[in-house]
Amino acid sequence: MTDEKTTDYPAIETLFDVEDLPLVARSVVDGFLSGYHRSPYFGHSSEFASYRPYMKGDDLRRVDWKVWARTDELYVKQFEDETNLYGHILLDCSASMDFGSPNKFRFARTLASAMSYLMVRQHDAPGLVLFGRDRCDLLSPRSHQTHLDEVLKLLSRASPDGRAGLDSDIWEVVETIHRRGITVVISDLLSDVEKVEKLLKQLYFQRQEVLLFQVLAPEERDFNYKGEYLIEDSETGETVTVHADMFRKIYQQRLREFCERVAHGANGLGADYNRAYSDAALGDALGEYLERRSLIA
Amino acid sequence: MWNLLFTNAAILGGLAVLAVPIVIHLWFRRRKQRIRFSSVRFFKVADAQMLRKRRLSHLFLLMCRLLLLLLIVFAFAQPYLPTGAGATKEELPEYVAFVLDRSGSMRATDGNAMRWTEALGKVREAVGELSPHDRAILVTTPNGADRSPKWRSPTALKKELAGLQPGYGVADLGDGIRRGTKWLLERPQAGGRLVIVGDLQWQSCRKIGRSAVPEDLKVEIRPVGEDDPFNLDVTRAWRNESGHLKTTITTGRNRKGDGVEAEVTLSLDGERYGAHSVADTSSSREETFRWSLPEFDSGWHRAKITIKGQDDFKGDDDYFFAFYQRDPIATLCLKTSSGNERSRQPEFFLKAALSPAKSGAGSPSRYRFRVETKEPGAVSRFELFQGAAQQRVLMTDLVIMPGLGAVGKELAKSLKQFVRAGGGLVLFVNDAVSPVRYQSALGELLPVTLGRQEEASSDSNGPWRIESFDETSRVFSAFRNRENGNLKIPTFKERFAMVSKEGSRVLARFNDDVAFVVSRAMGQGEVVIVNTSASTTWTDWPRHKTFLPWLHYLGRAVTQRATKERQASESYEAGRTYDINVRDGVAAPRAIIGPEGDRRELESKTLKRVRLRFETPGLYRILDGAGKVIRPIPVNIPPEESDLRTLTASEVDNQLVRSKPRAANAGETGLSSLSEKHELWPYLLASGALLLILELVLANRTYA
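In order, the protein sequences belong to chains Z and A.
One rule links them: number in our numbering = place in the first sequence (from 1) + 171.
One rule links them: number in our numbering = place in the second sequence (from 1) + 15.
What the hints contain is simulated information worked out from the structure, not anything from laboratory work.
As the structure is a computational prediction, the values presented were derived from the model and not from experiment.
Don't be surprised by glycine CBs; every beta carbon is placed ideally from N, CA and C.
Don't take every hint at face value.
Label-pair distances were calculated between CB atoms; the ranges are [unchecked claim]:
#1 Z/K420 / A/I50: 17 to 25 Å
#2 A/A34 / Z/D338: 51 to 59 Å
#3 Z/E365 / A/L705: 53 to 61 Å
#4 A/K47 / Z/K227: 55 to 63 Å
#5 A/K47 / Z/D338: 26 to 34 Å
Just need the whole structure built from these sequences, with the hints factored in.
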């Protein structure tokens, strides 16, 4: 990957404000792919689909040499791929996600949409789990285009108002995943580290390649407030008096230690830990997915 | 307990500003913003200890600011503590200024004790009446040692008095009262006392009325000495033009002098020379004595005149004097060829007149002549002067040329150069003079155009006499006073017709208006022609008594000695500072030896001008680098101090001018005078400054 993959992106804040989630997902993914030199299409189906001009990064084994001999131009044969990977996207809908500017939940939802769209484009089967509320919403993985519509529709309806977080019945859902595949967890993980590790362990036992995105807002990263504040917890409503200037360094140290513990736990369980800030580009996250998928392939 | 007083108590109302930081503190305390955050899990352990610490810091900062404001308001209110332990508002310290006369007259011993001892006793007595917390200041006149006196406790002032001695200068009680009043007026509180202690000598009281004393200041006059003192003093001495020393003594001044025997003695260069007894000491009078002095060598000479008699003041009984005897005027008289008869030889009369003392004993005159006669042909240029044209040094001061039959070219040339270089030339005429040859040879040296020789006939207008002379001229200055001689007595039988040239000045004329004496300046010198002979061939003037002084004055005038001569007799007064010029031609002054033999190095080592202050009377000596005495400096007690007549306390009090009480003039003292007070505001401001620094540090270390 290079930096070029982000050049055609619309502004993040603009994307988050667009209500048409399918359009957002498509524009994100298309923009991402247009700068992605290595061809993502490498399905193993034998059913020929079409030719396309050779692009830098394409596997030379896929070049049709006969066509080259006749036309003196390089073409790559494209085949109708078959679905060969099941993916689950676990999106945190707890109230703590509804924070920051840009909003963490909008960022996470857009990422989930784009991820779903990309999966479908890859002929993978995306599934969606919305957790964090008392009851999880679940869409089992399918690779049809209509399934994508359902996924995006569910994402559009999702709202960050849950109070449960990792205490919800996500465990029951995770236990239902039987096929080997890839699981993308999108959450701020602002819970006990033990619970996060427990979730990752469970996914590991379910033979899932776990891609963990910890989404944080710039405010949580920088804590650039000034003066004394009465801070209220978005999930529990608990309040604490804090002097931002005095406490900034301590806060940042505690956050750093927490994230390091989560990352350490994730890496110990073979999960791929990524920290994403809501003011960053989505392409990084999509790239992570493709990298992880290539390993499975 | 401290009795804290405020100069500007109204400013304490400014303490209301203390509310400002309190309000600001409370206002910002309320402003706590409420925000919603994703999770407070990282803040739960946000230590309350840190918040407590911050609140304490805020409180300390607030206290700091309040204290800072408090100090500033207090400083502006100018608090002060009355000095002295246990002082109350009613027992404020009294400020007393002592004006003490320490002039020369305080050394007088009228009565049984010295005036100074009595004065110190009276000051001590007045100081003893003060309370320990009172403050006193000592102002002396003349002000030698106390140029910047300080307020002291009574005990400290007594110590200061212990080392004090009277001087020899002139007291000015007016100045002392002015300075004492000034110090009292600079005190913060009204009132105060001025105590004047002295002999109230009338000369020292002349300026008392020049400065006003506010009516709220008490004035106490404590006189010392007797009302009726008697003194004999040598008032002054000087050397007249004839070289005699004259001395004026003042005797009596009151009836106590009746029957007192007194004698005045003169010592010259350390040896007793003579004595006069004072005839009358019965009443206030001045008497002048004349001392005929002997011939002196060139240089400085010192004289000491002492008056011996029973009086009340011994300090002025000795009078020191110094005078300078200059070198004789080097005179060259050219010989004429008038035969062997002495009475017809002009040089005989000239030499006899210029150096009249017999057997070479010389003259006591301040202006002496050293006369040498020579043949005109034997005179060389080197006898007149030495050196190149620009730097000629005269070897001869005066050349007198009686009528010569012939004037050689070399002689005429040398004479012209001699006169231009500053020499004096006196020309006489006689039968040998040929107008044509004279004018041809001397040319511009001649102040006149010579005409034919004239002889007075008894039947017409002869013999001629001197009708008029220029009284402003130095040549005839001796005869301004008609009693010194009548110039109309000498008669003149022959003469030349003379017309003065342009630029010449006719100093005297005959009775028929023909020029008799004509002078002309030439270069730096002067030429004078006398229209008669220097012998008795044409006139009988050399036989008259007016000839000698006239010739002496002529010689001094034409050599310009009268103006070039510096002040050659001097006397200085104790207690004063002088800039003294040391005579030219001597080495630079290096040291001065006092009357008691004390030596002091002089700062001026190159200049011939030294600034000296003489504290005691006596004979001082200025030395050069080799230790040689360059000149003596006679220093005497000022004559004002010899006049011991005094005023009474009531007479002095009547002379005092009183002005409005100080309360009306309070504004004039201004803030500047407050700096002298024992105020607390400087400490408050200093503490405030330190507190401000502390506040700045705290404020920067404390989160808002």
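These are the hints, each one checked on the structure:
1. Z/K420 / A/I50: 17 to 25 Å: holds, 19 Å
2. A/A34 / Z/D338: 51 to 59 Å: holds, 54 Å
3. Z/E365 / A/L705: 53 to 61 Å: For A/L705 against Z/E365, whose Cβ atoms are near 56 Å apart, the range 53 to 61 Å holds.
4. A/K47 / Z/K227: 55 to 63 Å: holds, 59 Å
5. A/K47 / Z/D338: 26 to 34 Å: Between A/K47 and Z/D338, where Cβ atoms are some 31 Å apart, the hint holds.
No hint from the list above goes unmet by this structure.
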